[in-house]
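Chains as they are written, first to last, in full-length UniProt numbering: chain D, 1 to 236; chain Y, 1 to 236; chain C, 1 to 236; chain B, 1 to 236; chain Z, 1 to 236; chain S, 1 to 236.
Don't take every hint at face value.
Copies of the same chain are indistinguishable here, so a pair counts whether it falls within one copy or spans any two.
Unchecked claim - Derived DSS-like pairs: lysine-lysine, alpha-carbon spacing no greater than 30 Å straight-line:
#: 1; residue 1: Lys26; residue 2: Lys110
#: 2; residue 1: Lys224; residue 2: Lys110
#: 3; residue 1: Lys231; residue 2: Lys26
#: 4; residue 1: Lys231; residue 2: Lys205
#: 5; residue 1: Lys231; residue 2: Lys110
#: 6; residue 1: Lys37; residue 2: Lys231
#: 7; residue 1: Lys37; residue 2: Lys224
#: 8; residue 1: Lys205; residue 2: Lys110
#: 9; residue 1: Lys231; residue 2: Lys25
#: 10; residue 1: Lys205; residue 2: Lys37
#: 11; residue 1: Lys224; residue 2: Lys25
Since the hints were derived computationally from the structure, they do not count as laboratory data.
There are 6 protein chains.
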Amino acid sequence: MPLDPAQIETLSGISTATLTTVLLKKGLRNVWMRGTKPLRAGQPRIVGPAFTLRFVPAREDLATPASWASPTSTRAAIEAMPEGVVAVVDAMGIEDAGIFGDILCGRMQKRGVAALITDGVVRDAAGVLQTGLPVWCNGVAAPPSVAGLTFVGWQQPIGCGGVAVFPDDVVVTDDDGAVVIPAAFLGEVLAEAPEQERAEAWIMKQVEAGAALPGLYPMNAETKARYEQAKEDGEA
Amino acid sequence: MPLDPAQIETLSGISTATLTTVLLKKGLRNVWMRGTKPLRAGQPRIVGPAFTLRFVPAREDLATPASWASPTSTRAAIEAMPEGVVAVVDAMGIEDAGIFGDILCGRMQKRGVAALITDGVVRDAAGVLQTGLPVWCNGVAAPPSVAGLTFVGWQQPIGCGGVAVFPDDVVVTDDDGAVVIPAAFLGEVLAEAPEQERAEAWIMKQVEAGAALPGLYPMNAETKARYEQAKEDGEA
Amino acid sequence: MPLDPAQIETLSGISTATLTTVLLKKGLRNVWMRGTKPLRAGQPRIVGPAFTLRFVPAREDLATPASWASPTSTRAAIEAMPEGVVAVVDAMGIEDAGIFGDILCGRMQKRGVAALITDGVVRDAAGVLQTGLPVWCNGVAAPPSVAGLTFVGWQQPIGCGGVAVFPDDVVVTDDDGAVVIPAAFLGEVLAEAPEQERAEAWIMKQVEAGAALPGLYPMNAETKARYEQAKEDGEA
Amino acid sequence: MPLDPAQIETLSGISTATLTTVLLKKGLRNVWMRGTKPLRAGQPRIVGPAFTLRFVPAREDLATPASWASPTSTRAAIEAMPEGVVAVVDAMGIEDAGIFGDILCGRMQKRGVAALITDGVVRDAAGVLQTGLPVWCNGVAAPPSVAGLTFVGWQQPIGCGGVAVFPDDVVVTDDDGAVVIPAAFLGEVLAEAPEQERAEAWIMKQVEAGAALPGLYPMNAETKARYEQAKEDGEA
Amino acid sequence: MPLDPAQIETLSGISTATLTTVLLKKGLRNVWMRGTKPLRAGQPRIVGPAFTLRFVPAREDLATPASWASPTSTRAAIEAMPEGVVAVVDAMGIEDAGIFGDILCGRMQKRGVAALITDGVVRDAAGVLQTGLPVWCNGVAAPPSVAGLTFVGWQQPIGCGGVAVFPDDVVVTDDDGAVVIPAAFLGEVLAEAPEQERAEAWIMKQVEAGAALPGLYPMNAETKARYEQAKEDGEA
Amino acid sequence: MPLDPAQIETLSGISTATLTTVLLKKGLRNVWMRGTKPLRAGQPRIVGPAFTLRFVPAREDLATPASWASPTSTRAAIEAMPEGVVAVVDAMGIEDAGIFGDILCGRMQKRGVAALITDGVVRDAAGVLQTGLPVWCNGVAAPPSVAGLTFVGWQQPIGCGGVAVFPDDVVVTDDDGAVVIPAAFLGEVLAEAPEQERAEAWIMKQVEAGAALPGLYPMNAETKARYEQAKEDGEA
């Protein structure tokens with residue numbers, strides 16, 4: 001289920017902070033993936049459908065360099081990724097084996113993958129940064145994936161940073177990390193989030209102008225009226 | 001791949017401690033599931049093929065009491081379990097939502113499931129104990145699974161307590177916890193473990209008789225000769 | 001707000017597992033206190049209003065044996081406890097300093113305190129057990145509270161095991177641990193939980209009689225009809 | 001108890017490293033708040049009296065966007081902060097819900113709050129940085145406070161990063177994090193810390209000149225004499 | 001430095017809770033080893049000089065079954081233990097490799113070792129219990145030590161459960177765990193602890209008789225006078 | 001055992017990622033030290049023999065500023081360090097006491113120490129950075145070592161970040177952290193790692209040119225032939 005360009009443009013204007021507020025109001029408190037941070041400061045906000053990958057712990061007979069040539073390998077998974085997807089990798093939070101290095105990230109970049117998100121870590125950080133692929137991860141480690149992880153498949157339901165992610169859920173990332181919008185909630189989020197973002201921007205301006213918080217944030221009836229007026233006047 | 005009765009009988013005579021030693025000598029250091037302990041003291045040693053279940057984290061729209069009636073539910077998984085299997089449940093180590101209570105454990109017991117192993121916890125501990133199902137778990141918690149977990153399927157590769165478990169691997173449990181014997185290693189383990197167990201029993205007798213450790217454990221050449229003689233004499 | 005005897009009797013018949021299910025259906029997923037377990041096997045189910053105590057970390061100038069004589073001491077807090085309350089102590093999960101030993105627990109028992117719940121630990125476990133006070137805690141440790149904790153007050157909102165507890169919330173404990181029923185939800189819980197408990201007991205009987213899970217748990221329309229009939233017939 | 005400008009100036013010349021050494025010599029080993037780091041590199045050293053805020057865990061009925069309008073809200077707490085205070089927020093180390101975003105930090109900046117310190121995290125990191133408020137925290141997260149936290153009050157004793165903080169204790173922050181000077185120790189610290197800082201600076205110069213450590217750091221009698229002479233000569 | 005029988009007898013009458021209180025009054029807050037608990041309920045209180053053992057993490061080339069025959073092996077360490085010592089083993093808190101099983105514990109028991117204390121775990125729990133050696137540990141695990149640990153020596157300073165232990169420090173254990181009395185403090189502890197224990201026993205009797213805590217614990221001047229009288233009267 | 005300049009030059013051209021791959025193929029999966037990161041971005045790759053230091057937990061009677069003048073002090077250890085060594089410090093992962101500050105790091109820099117590696121933290125980060133000593137550590141903290149650590153010796157086997165390190169093992173560090181090459185494996189690593197690095201660089205070029213991963217990484221027979229040809233042609 002690819003996103004259409006208008007959807008991507010809309011979501012690219014919404015912070016992950018605002019998205020979590022909108023989803024919480026719908027009863028979803030657990031949509032922000034713990035422990036995944038931008039690998040490089042200033043990466044752009046990314047929006048795309050989730051393409052999931054799954055690891056289980058390493059067993060020495062299975063997690064070997066030889067396994068990299070198997071049909072169920074991370075290599076095969078990468079070749080299956082359509083352009084524009086966000087690869088979301090369940091590494092069970094393991095921090096002492098890098099899921100991918102420069103070669104695999106370089107290939108993802110070539111294939112037009114929008115970003116890589118994992119609750120694990122990458123290796124050869126210097127090389128990964130050179131590929132230009134936007135990466136959100138839990139840090140870096142030198143050892144290869146097979147030192148701690150066995151790859152078992154793609155496009156299955158996964159957990160990533162304590163959050164359930166299903167193929168085709170929508171993922172949005174920025175400096176605050178990565179948030180999943182469940183596919184079934186996409187329409188509502190697209191409808192409501194821009195207004196939330198707009199209201200908070202107007203509130204921030206009032207704060208900059210010296211306004212006190214009570215009655216402003218959240219808005220009471222009087223503030224709401226002022227805000228509606230500002231919108232009419234093209235000032236919000 | 002059911003185990004035959006002779007295989008079960010042989011493995012029932014081997015401690016999980018000995019099994020881990022035998023597997024380590026073959027290069028497998030990561031076969032003991034962390035954080036899963038007998039729910040009741042004195043549970044018998046259990047041997048059986050793994051039947052795997054998998055959870056991801058809870059998302060409020062999916063992890064609901066209503067989901068218990070879905071085709072991909074723990075209920076359906078239990079009805080798919082053949083007699084004699086050991087159910088191994090990947091709960092990602094989550095300790096604040098019980099995967100099963102008395103009703104599900106009672107049904108597993110009725111179906112002839114040999115044991116339940118999880119790196120998560122069970123709920124309604126008093127009721128679970130009454131069902132008589134042997135359980136190895138990480139403790140108990142009152143909340144239902146949906147408070148923290150979303151069920152996603154069965155008979156897939158899983159991680160349990162930091163160990164990879166594949167359907168039809170063999171699981172053995174005792175007071176020291178639960179060990180997985182990868183299916184491909186079963187033959188070797190059946191061939192070698194009984195001798196290891198026998199040698200350690202003979203060594204223990206020497207210790208009880210006052211022998212010092214150096215040269216005895218591990219055995220040097222002289223001790224080995226004495227042990228071989230003892231075997232011939234029917235004393236080991 | 002003391003509980004009346006009928007309320008206590010009703011709740012004494014409901015497991016904490018059932019209470020968490022009832023509260024989850026009302027949107028409350030976080031009511032079970034993590035890390036607090038029965039100090040002694042087989043303690044009775046306890047029901048009572050929360051009487052809260054609060055610690056912050058130790059600072060060597062404040063957390064001293066001399067502080068035990070101060071007006072804001074654990075001693076003063078205990079003397080303020082009415083009969084029948086459940087003392088709930090926020091120890092921030094600290095496991096290396098015992099909040100109370102035999103003397104303080106003995107005094108609580110004398111005052112008719114119903115139980116002590118903490119996400120911390122007690123000290124002088126042998127002595128505490130002798131007092132007969134029912135205790136749910138996170139283990140035992142020899143050092144006194146002042147080795148790690150500074151006491152700061154009572155009957156304030158606290159966190160205990162990752163759960164918010166307010167004075168006069170109702171606490172219920174059993175082998176699965178301790179659950180808080182927010183005061184505002186008490187009426188609904190009293191109204192609905194007994195039926196939930198009754199239904200689960202009837203389901204368990206069907207399982208014991210060999211029934212399969214799908215359609216039974218949760219009940220489909222046909223099963224519901226059978227259950228309603230059983231109730232009419234006095235068989236559920 | 002506001003600090004006078006001379007006190008602030010003196011403490012602004014002392015590193016938190018030196019402050020912890022001075023306090024340790026007085027028996028206080030636990031004054032540095034764990035897990036709180038500068039949000040932006042190169043933030044200036046900040047000195048001010050602590051203004052404390054306190055959260056407990058989230059309960060879905062209480063921790064709602066609606067609660068932000070309650071009289072016991074973070075908004076009310078911020079409006080109560082005098083100019084020059086350091087806001088110290090007990091978030092129990094929770095890392096998956098941001099205590100404040102750009103709007104609340106913007107308001108604190110407007111009110112002349114000197115800095116924000118928390119063992120929790122902030123949200124909308126990009127926006128918070130734009131407000132210019134100096135922040136020490138445990139990272140960033142997108143979700144709002146109510147996803148994990150319930151606000152319960154201000155100017156109470158709190159724990160922050162495993163350290164007890166009381167209103168009007170003095171807080172000093174720099175690149176090494178945040179240290180609390182208990183109010184009762186302020187006089188002694190002001191009297192002794194500058195000399196400690198001066199001595200260490202002189203020692204560092206000797207190291208740069210090639211001196212070996214034994215006898216230099218800590219100083220033996222001969223070195224002490226040289227140092228005293230250097231002070232007389234205006235060279236230390 | 002063996003303890004003399006009178007010292008052992010005196011300390012055998014003092015709980016570890018009381019010992020930590022006495023040591024805290026002398027400025028030692030960190031003497032109780034975290035994470036080590038009785039392997040069997042009801043083990044007697046043990047007193048003895050520490051005999052230390054030290055592990056570092058496993059490296060596959062060193063941590064092998066073959067290493068068990070090396071001169072720097074756990075076997076050699078055990079043969080070097082004098083009668084009456086308490087073996088204290090630094091396993092860095094590792095919980096997935098058992099430091100010793102039945103054979104090594106059996107040999108320690110034969111050699112008259114008073115007890116085994118570790119912040120790690122033992123293996124073959126059933127076998128270890130049969131040897132009769134009193135053990136305090138952090139749980140049980142099936143894998144052998146070499147699955148996670150490399151043995152490096154004995155009678156060196158170690159950390160155990162976050163506490164520094166030096167050879168010939170005195171260790172006391174009971175249901176609350178294990179406490180180290182630094183060798184230099186032994187005289188003072190022997191002189192003061194019995195009186196502390198006696199006073200607390202008298203206070204407990206007052207509590208049982210219904211006395212309130214303020215003024216009693218800690219004792220105010222009036223209570224102290226009553227206690228002194230009780231001692232004279234042979235009633236304390 | 002100093003390294004010769006040619007060995008240092010060779011290893012300076014190999015990433016720690018490649019070293020872990022080479023060592024894993026020899027059965028060593030645990031050679032990368034967890035939790036130690038560059039203190040400053042862009043530090044050069046460092047190669048040198050390990051010079052080990054060891055701490056145990058703090059005990060208030062031993063871990064005092066006075067102890068800094070003892071013969072078994074960190075000061076004495078630093079004066080014993082030969083030029084070119086990499087100091088590797090076992091701080092047991094403790095994050096709330098800085099092992100060294102500017103003065104000790106300045107002295108190490110003066111003595112020609114190549115780098116400081118620890119699983120603990122440093123203090124006075126600003127001052128340490130000014131010394132120019134390359135540091136890999138687990139963060140920064142203001143308190144002095146004696147707030148949490150007791151120094152016990154140097155050039156002993158240690159654990160650092162969950163890895164065994166022996167004096168004269170070789171340590172290599174870069175942006176991915178620090179890896180130990182056991183002394184016995186140095187020859188093999190020097191012989192094989194450069195070819196591994198060369199092959200991966202050639203593969204990366206193919207990826208940049210648009211090649212797909214299967215058959216390329218790892219190389220199948222055809223790719224291997226192409227690579228060998230490229231080497232002959234001076235293009236790899």
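Status of the hints after comparison with the structure:
{"no.": "1", "hint": "Lys26 - Lys110", "verdict": "neither (38 Å within a copy, 33 Å between copies)"}
{"no.": "2", "hint": "Lys224 - Lys110", "verdict": "between (48 Å within a copy, 22 Å between copies)"}
{"no.": "3", "hint": "Lys231 - Lys26", "verdict": "within (25 Å within a copy, 37 Å between copies)"}
{"no.": "4", "hint": "Lys231 - Lys205", "verdict": "within (13 Å within a copy, 54 Å between copies)"}
{"no.": "5", "hint": "Lys231 - Lys110", "verdict": "between (43 Å within a copy, 25 Å between copies)"}
{"no.": "6", "hint": "Lys37 - Lys231", "verdict": "neither (35 Å within a copy, 39 Å between copies)"}
{"no.": "7", "hint": "Lys37 - Lys224", "verdict": "neither (35 Å within a copy, 37 Å between copies)"}
{"no.": "8", "hint": "Lys205 - Lys110", "verdict": "between (42 Å within a copy, 12 Å between copies)"}
{"no.": "9", "hint": "Lys231 - Lys25", "verdict": "within (23 Å within a copy, 40 Å between copies)"}
{"no.": "10", "hint": "Lys205 - Lys37", "verdict": "both (28 Å within a copy, 28 Å between copies)"}
{"no.": "11", "hint": "Lys224 - Lys25", "verdict": "within (19 Å within a copy, 34 Å between copies)"}
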